[in-house]
Structures are given as structure tokens and as C-alpha cells.
Amino acid sequence: MRLTACDAAARTLGLVPGMTLTDAQARVPELAVADADPAADQQWLERIADACDRFTPLVEAEPPDGLILDMTGGLHLFGGETALIAQVEARMRRWASHVHLAMAATPEGARALARFQTVPVADEAAALRRLPVAALELEADALRDLRRAGLKTIADLADRPAAPLAARFGAALIDRLDRLLGRSDSRIVPRRTAPALVLERRFAEPIATVEAAMAVIGDLAREAAQVLAERHRGGRRFVARLYRTDGHVIELAVESGLPLRDPPRIARLFAEGVGALADPIDPGFGFDMIRLAVPRDEPLAAAQLALEGGEAREEAVAALIDRLSARVGRERVRRFVPRDSHIPEQAALALPAIDLATPASWPAPEPGEPPLRPIRLFDPPQLVEVIAGLPDGPPQRFRWRRILHEVARAEGPERIGGQWWRRAPGDPGLARDYYRVEDVRGRRFWLFRHGLYGEGARDPRWYVHGLFA
Amino acid sequence: MSEKDHKDHLRMTTAPAFAELVTASHFSFLRGTSHPADLIARAIELGLAGIGIADRNTVAGVVRAWSALRDAREKAAEVGTAVTLPRFVVGARLVFVDGTPDIVAYPQDRAAWGRLTRLLTTGNLRAEKGDCILRLEDLLAFQAGLQLIVLPHSSAKPQRERRNPVEHHSAAPVPPLTLVQPEGLAPLLVRLARLAPGRVWLGAVMPRRGPDARRLAEMATLAAQAGVPLLATNDVLYASAEQRPLHDIVSCIREGVTIAQAGTRLEVNGERHLKAPEEMARLFRDQPQAIAETMHFLDGISFDLKQLAYEYPHEPVPEGWAPQAWLEQLVLEAAHARYGAVLPKDVRKRLDEEFALIVRQNYACYFLTVHDLVRFARAQDPPILCQGRGSAANSIVCFLLGVTSVDPSEHDLLFSRFVSEERNEPPDIDVDFEHERREEVMQYVYRRYGRHRAAIAATVIHYRPRSAVREVGKALGLSEDVTARIVSTVWGSFSREMPEKRFAEAGSDPGAPAVRRLIDLVDQLLAAPFPRHLSQHVGGFILTQDRLDETVPLHNAAMAERTFAEWDKDDIDALGIMKVDVLALGMLSCIRRAFALLAEHGHGAHTLEVDLAADDPAVYAMLEEGDSIGVFQVESRAQMNMLPRLKPKNLYDLTVQVAIVRPGPIEGDMVHPYLRRRWGEEPADYPSPAPPHDPDELCNLLGRTYGVPIFQEQAMKLAITAAGFTPSEANRLRRAMATFRNHGGIDKFREKLVGGMTARGYTEEFALRCFRQIEGFGSYGFPESHALSFARLVYISAWIKCHHPAVFACALLNAQPMGFYAPAQIVRDAREHDVEVRPIDINHSAWDCTLEPRADGALALRLGLRQIDGFRQEWTRALVMAREEGAFASIEALARRADLPTRALRLLADADGFGSLGLSRREALWEVRRTPAGELPLFAAVRARELGEEPAAHLPTMPMGEEVAADYQAVRLSLKDHPMTFVRPALVREGVLTCAQTSAARSSTRVSTGGVVLVRQRPGKGNAIFITIEDETGITNVLLWARLFERYRRAVMASRLMVVTGQVQRSREGVVHLMASHVVDRTELLGLLSEEPPQPPLCPPNEVARPVQHRHPRDVCILPGSRDFH
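In the order they appear, the protein sequences are chains C and Y.
336 is the number that our numbering gives to position 336 of the first sequence; each next residue is one higher, with no gaps.
61 is the number that our numbering gives to position 61 of the second sequence; each next residue is one higher, with no gaps.
Calculated from the structure, these hints are not laboratory results.
Treat the hints loosely; a few may be bogus.
What the hints assert, rightly or not - Pairwise CB distance ranges, derived in the manner of DEER restraints: (1) C/Gly442 / Y/Asp286: 23 to 31 Å; (2) C/Gln396 / Y/His296: 35 to 43 Å; (3) Y/Ala846 / C/Gly182: 36 to 44 Å; (4) Y/Glu874 / C/Ala158: 38 to 46 Å; (5) Y/Asp834 / C/Pro164: 39 to 47 Å; (6) Y/Lys976 / C/Gly182: 55 to 63 Å; (7) Y/His296 / C/Glu438: 48 to 56 Å; (8) Y/Glu561 / C/Pro359: 53 to 61 Å; (9) C/Ala51 / Y/Glu874: 54 to 62 Å; (10) Y/Lys75 / C/Asp35: 52 to 60 Å; (11) C/His232 / Y/Glu874: 27 to 35 Å.
Said to hold, decoys possible - Some, not all, of what chain Y presents toward chain C, calculated at C-beta under 10 Å: (12) Gly477; (13) Pro513; (14) Glu950.
Glycine included, C-beta positions come from ideal geometry on N, C-alpha and C.
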């Protein structure tokens, strides 16, 4: 494992990115280490890039830690270069502890100055010429050979004839040098932030009712469906924005478990969403624009119904889940998924159904074998009084909820060991002995003794943990 | 009758006899959890009637169990108690790749054992290392005489087949032609029962899975239908119930998951331990005959490991000769050649004694086999140098056969220290060969005896503190930085225990539950000790007359062309099997190269002659100065410090010198008494017992070492003579000593030894020291004869260094990697001995370093292309071949004629190898960058291809500091200057002294000195850290106490250039240390070497230069950064 980044304090201790963790800790045992999280870094950069939209729409992100803003023709809006830099700096201070800013005639020049300049020089051309050759960001061995040849700054290269350099270090070096020095033209590639699809409708005369607005959303959904169908995609998230004439914006968002482009269903989801709102929508003086966006979409082939209609049924369940989730909340509609655990109550997990595109597959029971797990599990298990043979005989009779059950048949024990790793060291945890029992009236129970005789618990307690069908 | 006795009595009378026959030890790698000895101990405790150990496709652990039972029997016999010990049977659990349920196989007799081991060998050789690929038809081919327990399920995992199977003379019986896959358990049982009537059982378990009773009834029906008996077992994975957590963790390591994710990959409960007969009877109360069947099963087996009768190969004996007669013939011939027609009386007596013992123990073939190897090596052209080491040098037979080079009659070495009847253990002859050519000898062994008769012994790789913490931590779900931090505080990997302090040191609170749990589990893992996998021994060969694969299963080694047997040297010892160690010694390669150079340059022919005069005073004068860089065995810092104190004057002094700087004598505090007595500062007094014991009983033993035990066998002999150990006890002590790093438990011997010695009237202080010495020897003690063999090489290498320093440096550089020092130090040392060292040059250098005659007749050392990091031998071959047509006139000519790739040209330019063309490094690099690689075939005809003329580049000249830095980057040394020269002005301004000034300073003065860090060490108990720094004037040895280390940790660990302030301490012999009180990291000064940022001017300090194979980790060298602990 290697260090990917160090803060200023770590650098003063001589730690640098690229060093192995063992090495770093041998030097600084009290070093605080956190796992690298490139995804979070990327998000952080995206957020800053978003914030930079206020300066110019042309922002290029340079992961992991750079942004390039194309200010061509926009300087006057901010009161000139100096004022702009002051504004950018002020804003960046909120986001990052260290900012290197530079302004130049080309993106490469600005970039090189921001990253490689050590001493500030007023004149742009002179500053660029004083940069080390590392600013060209060539491969390590080319860079090393340049230094070995005694060519250490951009100036050393800029003054030489291009042909001998190109013969040794390739045309790329000359190309980069030219871009850096503004000898050739270059542009940035602004990041794309637009959602997959945006449709809008403007009204000369504001529409005044929510019903009319919902109808418009339905129309937009039909248009969206057409575009999505052409692209062979379906939406997982739909956002409708209702722009009120007074400037207020109302946002409605719905989600779907499966990619979706069926207009009536989209409209219905919005209707469910509106119905479930705590405060009804206030149209005020009406809406002058309605916009429907699909920020998240996924591939969806053209629908084809299976002959038996099986596919349709699956979709119907999904549609039901979408509707229920939209109405009562995504957290409240759940589905079971299996979990790999010996402990019965941990062997299944209830997750929001809308997150599970397809139902989980469960291990098939052995043919001819009675079910080993009950259909219904009590949480928590319920205490019972039991009479059973020692040390591990099955229950003979037990009292549950004040009713005495006489056991007719029993099988077990199924012994499930305690999870020692969740307990204090040295305490292995109590094992459970499970029995499947049937009482004289044919009712089937799942009982367990918590703890074994002669191991830890003196007088182990009994519980009923579930009921078989 | 006490309550316990009563209970035991009851158990004896009421519990049915039960034998557990399906038991996995931890040699079922990462599946079983208990040491075989622990399983045996638990079986005795529970009163089992028998126990069978059957590991997963292996018998690697059975000898340990067998030895444990033997020890228990010996102990019981000594104490005189009548304990009924369980019967022990050995087998293997066969796991098939074709879906067949697991089958446990036990051989009934010796012949069946051979079939089992051949079956396993067949599977092993098919698989990649560590796996075994078996199919049902393999078992059917080898089933005769095997008793089979069919288990209900298969536990197979996918495995990979080996692409190129090693050629192995297998001649397996042809399997039956019908290979219809059995559909389930029932058809399989029927089929097996028909093939092996009366030898098939169905194994039934009661695993507490719920429907146990129902399943048992089904199994009983199944067995009855197939006509095979049902056999009760618990399918055991560990000895006792408490081991479940460890087993879970081991399962996690195997599956590569954390315990929280493991889920159903773990056993559902902790029931798979050895259970008492009454508990088994209770579980199987529905099928009591299944319990009784275990005894029937035992009755069928007569095989015991002690039946592995063993015979050495007969190959070396010519037709018509008996081995003994041939041996005597060879030896007597050599004896007459050496001592004349009439043998001296002493020699005659020795020979008679040894011959008699060899006859009685039937060792003749063994000696002849070793002789055969040595003869092969010497018959090569050029001959491979070799020399026997170890206790074999006590034998005159070995000497006369040419196996060892020390005449035991001249040095008064005793044969009984090599082999003795009362110890009744096989002799062990170790022979060193040149390390570069040992493979030839090994392949000769395979060729001569065949792969089915020769194999290398195994080495069991155990979990070490580092690996245990890392893997257990991972399984417990601790983040890697926590475990890495704990691991980072483990110094070296040889300490057995993982003291809690280490965890505390790492800043992890030992009280925290997660860390507490980690400690517990790591402790258990290290206490066992837990095997990780099998690997091959460095060179221990087992050879047999009959098929070796009918004695022990063979495996593919990771190294191509090698196969190894799955028992390690302890197992082999325990069974009385002999092995011969074919070892590699770098110094022999170096000496051979030196001899060749001496002959080539007219300095005469030299051999490893047996009668070394070893009396050149110039050699001893040199050693006395501590001038021993590169000299065999005495080049380490500790040895260098000892040389001026011990002042060796003859070969025997060198013998002591080699043996005394070892953990044993140091731990036993024997060094200072020896030195004081040697210099007459105290009388040589022999510890003697109180009457009535013979007061002179130790005189003979300790006579030559002034009454101080130095050598391993002296310490051992002390135990017998002075502490009254019986031979059997001494035998166990020796065994414990050799393996105590693996087993611990030497403590019980402390009481015995110290008690025994004090009872006979020795002082307790002396007794304790003796014990500590024995403890310190561990596996690293030197017997006298071994030290003597090594001392010869010390003398020879010192002689070459003394009289032919250029030859010595050249040979040493060409034999790299070896020894303690890196090329930079060797070159520096050579130059200090007035050897001219010439730089690498395309028109002069070969692959190896070479010697060039100078005008004044002396030899100059020309560095070879091997010194360039990353340069390839085949490029060199092309270069040298092209050069035969004439010197290269330009870079282009070199590229074209030698057809070198650009990378090779660049490396040459980087190494400043174009001096003879008048090109500086900078000019050469500039030119190389535009020189196209090699020659395109299309242009082959157009010889005149030339690069266009260019205007002169006018590159700035390279500053000298940068040249030196570049030299270090390319070849790890510089002939131009020392990096410190360029830093010097800055240091002088700060009042920092040079190393030479420091060495000259008065004792107790406080000085600051600086240099590049060569070595950082934290030896032994870690009380002190040793740092060696170097500058342009020499080296300074720095000592830093551990408590100060914590304060300067960062500076110590991170510096490449270090400034140390402290007190000069000079010993009587003039050895200077700087006792550090302050350490500063001044690495940034190295930036002065060039204007550019110093990233990195030298190699990072912790980079391992080259991994060195088969070497004690202490000897590994890292340069030019430094050699470090972590």
C-alpha cells in the first residue's frame, strides 16, 4: 500500500505520495491514515466545477485536482484580470486549503504555470520560459534524458532548433512546447453537465391549475418516451419543474425500479407523487414554463411481450412497487434478499423494493425434504417454558402464551454456534440448539434452547423462534 | 479412590472402545487446525482406543504424530506409569476432482503404504504446486491393500492441471477400462465393495445439522444394501472445542474473506473436535455397531511407520563388489596414497573404528553415494569446487573419500561426534558446492537415480509473526493500516513470540476487543506453529535403492525441474532415513573465479588443497587490522570488531573466530572469558564438579578453548557429562534444540540441566550460562569440525585478498550477489588497497569484471557490464562478439554491428561507457537518443546507412556532482568521487567532522559527523540500533540506544544522508564507535550534487537491491541506499 496524498504537516515530516505505507509508518508511527477515495475526490472536483459555472460555462475538469476556465471575452464582466483572480481565490478558499492560480494566453500555459511555477514572475512569457522542463509532462525517461543533457528549463528548449529535439524526443515534445508557448492554438474541452434529456413547454398565457400542469407533464412524458424509444433507453428518474410566474420553482421527482418509458406510467407516478405531498401545490398566478428532465437513464430494448405473458407479470409487479413507493415512500416498500449467514434472523435482509430491479433468487429446497426454516420468524424470539431430556433431548412439552403444548414429534438438534467475533474476547457466545416440533394438534413450531448444558449457561432458556405452515 | 480416578475407572469399564479414524491435522492446509502432536495428546486424554490421522491428499503431518506418540511412550516408560496409549494408524483423505465423495484410505501393510504414496505422487505431479489432482480411477488402480472409508460428501475445490508434467518414471498399474462415473453413493459403494471386498466402510457422522437421526438411518440402510459396514466418525478438524475460533479464522484465510462476510463458508457449529468414546457412543446410540466397527477397522491394519525400511542406492558400487568392501578399498587406497605404505597407528585405529561402525549400521552405501556426488563435481570441466561441512569433518573416511577437507587425525576430531551407535541416528553429510553450479550437481542426482528414487526434502513454511498478524488481522476485518502498523514494529521475522508490547508500541490499545482477539489468535497460530505450505529444502536430498515414491509422496517444486518429498528433515530424522545436503556456497564460486584469474595472469595454479599450510603471517596481520571486507565469514561488522581483539594467529584461532561470534556463545556470555584467558588475563580454569566426581571430567572436552565452551558439541557434551543426562535425554535435548524455534518447550530442560549440574557441584551461574548458550545455539550453532572447515575458506579468501587484492575484488564482484557488501564497498576497498579500478567502457568491458595488466606489471580492475543495473547478458554477448572484428569507432557503429536495442545503448550511455570514443556521458546520451536501434533487415544490404549531419549541439558540460549522482543511479558506484565531497563545504561550515576525523578523535570527545547511510540494523534483543555511515574518508559506526531511537525515529529511518552528534568511544583494540545522542536527517544536502531537485539522487533507502536466494536474511545487502530493519 502506498500513500496517495499527504497534507502539509505530513510533507514537512518528509512524507511524499508514492511512499509505501510501511515505510511511512516506520518513520512516523503516529501517522493518521485514511483510505483513498477517488470517487469522493471526483465528486468534490465536480462540485467545485459546478460552482465555477458562475464565471464561465466553459469549465474543464482535470482530475484529480485541476480546473481550467476559459475566460475568453468574459473578463470585463468581473472587472478585469486582477478582480477576477481575487473573486476566484475568495470562492476557492471555501473549498480547498491550497489553491494555485495562474492566468495565461493558452490553457497549457496557465496549467503549467499553476502547477510548476515556483517563483512569481510578472511577465507571462518570461515566467513560462523559466519553468522547468517537467512542465511539459513528458514520460519519465524523456524528462530524465533532457535533464541529463543539461536542458533544464523551457527556455533551454525554446531557443534550440526544433529538428534535433524532435529527432530525439519525438514530435510530441515540439507540439507541447508550441502549445505551452502559445505558438499553436488550443482549446479546452468543457465538461458536459446536461441531463440525458430535457423537454420544456412555455406558455404565453400561464396555466392556472395543477390538473392542467399534470396534463402537460403527461404530454411531455409522451414526447420523452418517443425520444427514449429512439435511443433504446428508459428513464430511472424523472424530474418535472414547474416555473411559477413569480419566479418560484416547484420540483417534482419520481423514480422507477426498472428503466421506464411508458407515458401513462410516468404520468401516474407523478400523480402518486403529487397525491402524497404534505402540502398541495400552490399554482399561485399560474405556471409559465414546465420542464421535464430525465437525469438518469439506462438501456431498454423495445418491449416485446412473451407469449405466456410472464414478462408482463413481472412488469406489473414492478409497476406496483413503483406506485406504492411513490405513494408511501421508498423506504416503506421492502423486499427480502438472502444473506449468507448461519444465524436465522440474519439470513434474510429487507431492502427497499425499488432498489431491487429483479427479485433475488433463493436457494431451492432439497426435493423431498421438509423445510428446515419456518415461514414466519419472530423478532425477537419468544420465551417459552419447556420440559426436555438432558443434555440435548428434544422438548417433550412446552408452555407458550399460557397454553401448554404436548409435543408429538420432534427432530433435532440443529446446533448453531455463537458468533464469537461479535462478542468480548474469550466469550465464545452461546450456541443454539434448534428443534422442529409438532404438537398433538398438528401445529408445528421452531424452538431453540439458548446455550448448551454444561457450557456457560447453567439453566439455558428456551424460545420459540418461528412457526411452520 | 479420588473422584477423578473413579471417573476414569468408570470410563474404562463402561465406555465402548472407539477409534477416531477421520482426523485432519493442520497439515490439511487451512482446513485442519491442530498440530498432529496436540491431536495425539488429546486422544490420550480422552482415552480413545485408536486414532488415525488422514490429511487432505497428503501424509505430511503423520510423522509428527508418530513421533509425539513415541515420545509419550518413552516418557511413560521412564516415569513407569501404565498408560494405555491409543493405537495410531496413518492414512490420507483422498479428495477427488471428479465429484466422487471423499474417501479416507489406510494402508494395511508396507506394500499398501507404497501404493498410497504412489497414488498421491501421481496426483501431485499432475497438479500445479500445492494441489493434487485425483480421480476415482486412480484410486481403483492403487486400491489393493487399502482400507477405505467412504464419506457421504465431496469437499473438492477446482484445481489447475499442470501444463508440462515433470517426466516421472511412474509405470502405474493400468486402470480398469470401464470408467463410468458412479451416479451416487450407493453405486459407488457397490462398485468398491466388489473390487475391495472386506475393505470398504461407509463413514457416518452426527454433525448436529438437524436431521442427523434421519440421515443416520438412511446411511445404515444404504450400507446394508451395499453390504458394507457403517463406521462412526466425527470427521475431526481440531483437537478440542475451544479451537473453533481459530478454525473459523483459518477458514477465512483460506477463502479470502473477512469473518463478517464469511457466513455459511464457516462451519455452522463447533462440533468437529475429538470426542470421548462415551459421547460418541451416545451420539450413535441408534447404530452401536458403527462404534464397534472402528475396532474391526484397526484390526485389519498392521502397518506402522517404523516399517519404512530404508536402503541407500547401490549405484556407486561396481559390479562384483560388496558395498563395504568397495568402500574400504577406496578409503585404503587413498590412505596409502596419503600416509604411505604403512599407515600410522593412529590412522589405522581410526579407520578400524569407523569401518566397524559403518558395517554395524550398514552405512557403506551412504558414504559411497556422497563420494559419488563429489567425484562427479570434481570430474567436470572446469571442476566444480566442493567441500564438506558440518560434523562429517570428524570422520577420516569422509576425509579420505575427499568429501571433507580436514584431516581429523591432525586436528584430533572425534568420529563419535559424527555418528554414534548410542544415538542411533543416521549420519548427516552436508557438502557445499559453488552456488552458481550447484544445479548441475542436483540435476546429476535426478539423472543418475531417476525422479522416482531421488527427491529433495520438504521444508514446512510456518506462519511468522508478520504474516500471522497480517492475515489474521485481515480475516478479522481490521483495516490494513492497523495491521500494517502492528507489523511494522516487528523487527526481523525470527522472533517466535509476538509480545504484547509490540501491539502497544504500535499504538493499538491491547485492551481494545479487536486487538485483544487478534493477539489471542496470533498467539495460537504461532504457538502451534501453524504451517502455511510445503516448500523444498535448500538442498537436502533423499535417495533410495527402491522407489522413493513408495516411501513418501513427491511434489512439484515451484522451481522448474525440481521435485521434492513431502517430509521435512525432522520427519526424515525421526524415521531414520538418511539424506545428503547438496548446498550452495557463494564463496566457493568466488574462490574458483579467483583461482581461474590467478592462473590466467600467471600467478600459478591453486586448488582447495587439503593440507593448507595456513601460516602466512601477512594474512594474519591483515586480519588483525580488521581489514576483512569480502573475506568469508569474518566480514560482518561484529566479526570485524572481534578480529583485533582475538588476533588470530593460526587456523585454529580462525576456527574459534568463526564460531565465537554466534548467538550461542554471545548469549551464554562465553566471549569475554575466552578473550581474557586467551590473553592470560585470567587463568584457564576448568569448571569441575564436587567429589566424588572426577574433577577433570571437562578437561578433555574444553581443553583447547581454555575451559570455555565455544562449540556446539562442547555444550551438548556438557549436558551429558556434567549434568548427567542419559543418552536418550540428550537426544531429546538435541531434538528440542534443533527445532525449539519451531516448538518452544525447551524450558523443561533448563531445570533438568541446571539442576543436574548444580547437584554435581558446578556453580549455578556456570550452569545457567551453559543453558543460555544451548538456547542461543538454536539452529545456528557451529560444531568444531564445521567451524574448522569454514576456517579453511576464511584463510584462503584472506590469502587471496592479502596478496592479490585486484584478483580478489574482481572475483568477488563477479560472484555477486553474495556476502555482506555491495559493489561500491568492494570497489572502494580495492582502491584503498592500491588497485587501479577502470570504468566501464564499450571497447574494454566484458560481462564480468576483468583484469588488465598495467605497464608496471600490476593488474588493474576493469568494471564489467554486469555492474549496470538492468543490462542484459545477451546484449553483452552480441557486443563482445561484434568487438572481435575491431573496436567500435562510434555509437552508430556499435548499434549497427552489435544489433543492440535502444534501451541497451541508453544504459551504456547512462553508465558513461563511451569514454574510449571521447564522448562524455552527456554527449553520448544526446547521440544515443537519435540512434535507431539495431539494423532493419531491409537495409542490411545498405551498409552505408548513416545519420544526417547535425549542427553541433553545444550542450552545457555536466557538473561533477551530477556526474557522480548519475554514476550512482546507473551502476550504484562512482569512480569519479564520493557524493559527500560535494556536500563537504556545507558541512565544514557547520563544524561536522569527516569519518576519518571522527575515527582519529580522542575517546569521550563529543563530535558531529555525517555521511551516507550504508546499513541500519537492530540486532538481537533490539536494545540498540547500529548505523553505519560512509563519507569520502571512510566509515563511522554509530550506536543508538533504543530509547533515543524513538525520539529520532524519523531521522534514522528516512535519512540517506545523516548527521550524527555523539560521544566517541574507543575500545582498547582501537575500535571506534560513535554513541549517538542526536541524529539529523540531512538528505536535502544531496540536492547540492546538481541544481535539480534531489528526487532521487541515490536509491530510496529501503529498496532491496536484489533478492538473494537461499541465504540467511541477516546477510542480505542493500545498497547504495542502505540495508535496513523494519
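Hints, one by one, checked against the model:
1. C/Gly442 / Y/Asp286: 23 to 31 Å: holds, 26 Å
2. C/Gln396 / Y/His296: 35 to 43 Å: Holds, since C/Gln396 and Y/His296 (Cβ atoms, about 37 Å apart) stay within the stated range.
3. Y/Ala846 / C/Gly182: 36 to 44 Å: 52 Å Cβ-Cβ, so the 36 to 44 Å window is violated.
4. Y/Glu874 / C/Ala158: 38 to 46 Å: The hint (38 to 46 Å, Cβ to Cβ) holds, given that Y/Glu874 and C/Ala158 are roughly 41 Å apart.
5. Y/Asp834 / C/Pro164: 39 to 47 Å: holds, 45 Å
6. Y/Lys976 / C/Gly182: 55 to 63 Å: Since the Cβ atoms of Y/Lys976 and C/Gly182 sit about 42 Å apart, the hinted range of 55 to 63 Å is violated.
7. Y/His296 / C/Glu438: 48 to 56 Å: violated, 39 Å
8. Y/Glu561 / C/Pro359: 53 to 61 Å: Distance hint for Y/Glu561, C/Pro359 holds at roughly 55 Å.
9. C/Ala51 / Y/Glu874: 54 to 62 Å: For Y/Glu874 against C/Ala51, whose Cβ atoms are near 58 Å apart, the range 54 to 62 Å holds.
10. Y/Lys75 / C/Asp35: 52 to 60 Å: About 53 Å separates the Cβ atoms of Y/Lys75 and C/Asp35, which means 52 to 60 Å holds.
11. C/His232 / Y/Glu874: 27 to 35 Å: At roughly 55 Å between Cβ atoms, Y/Glu874 and C/His232 fall outside 27 to 35 Å, so the hint is violated.
12. Gly477: With Cβ-Cβ at 8 Å, under 10 Å, it holds.
13. Pro513: holds, 6 Å
14. Glu950: Constraint on Y/Glu950 satisfied, holds at 6 Å.
In the structure shown, a violation is registered for the earlier hints numbered 3, 6, 7 and 11, in ascending order.
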